[in-house]
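Undergrad: In the working numbering, the protein residues as written are 546 to 665.
Misleading hints may appear alongside valid ones.
Restraint ranges, calculated between C-beta atoms of paired labels, are given here [unchecked claim]:
1) Gly585 x Thr658: 43 to 49 angstroms
2) Cys595 x Ser561: 16 to 22 angstroms
3) Cys595 x Pro643: 24 to 30 angstroms
4) Ala614 x Val653: 55 to 61 angstroms
5) Leu602 x Asp560: 16 to 22 angstroms
6) Lys562 x Gly585: 26 to 32 angstroms
By construction, these hints were calculated from the structure, which means they are not laboratory data. Idealized CB from N, CA, C, for every residue including glycine.
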Amino acid sequence: MKTKPNNVQSEHISDSKLMQAGFAQCVFIAIQTLVFPELGFFGCIIAAQCALFPWLLPICRQAVVTAVAMSLTSIVISPLFYLVCLHTMDSIKELISPTVNQLTLHFVDILKTYLRVTHD
């Protein structure tokens, strides 16, 4: 009887678990980018590893090599996704900024009219 090497064990892992882990990492990195952008690349790597952790332990029991590969791949790819999130956030801010400024000025004009403040 031949035993299978450790790196062939990944066929027992369902694709749905891998997809869930990938989507969780994307969500965690996006949230980290919005809430704590000052953490930068280090923060996005930590966020991705935290998101990966619930799926990593069961996979590690089945296939150690696959778990290590998932973690290392996450460390390499998460800064790239962080940059995508950062540029997307900046683009959205540029689109929304004029509208927010116009609404603010309109609201100030309404308050001035209501309070009967004269323009200087």
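Undergrad: Evaluate each hint against the coordinates.
TA: Checked hints:
| no. | hint | verdict |
| --- | --- | --- |
| 1 | Gly585 x Thr658: 43 to 49 angstroms | 45 angstroms, holds |
| 2 | Cys595 x Ser561: 16 to 22 angstroms | 20 angstroms, holds |
| 3 | Cys595 x Pro643: 24 to 30 angstroms | 36 angstroms, violated |
| 4 | Ala614 x Val653: 55 to 61 angstroms | 56 angstroms, holds |
| 5 | Leu602 x Asp560: 16 to 22 angstroms | 18 angstroms, holds |
| 6 | Lys562 x Gly585: 26 to 32 angstroms | 29 angstroms, holds |
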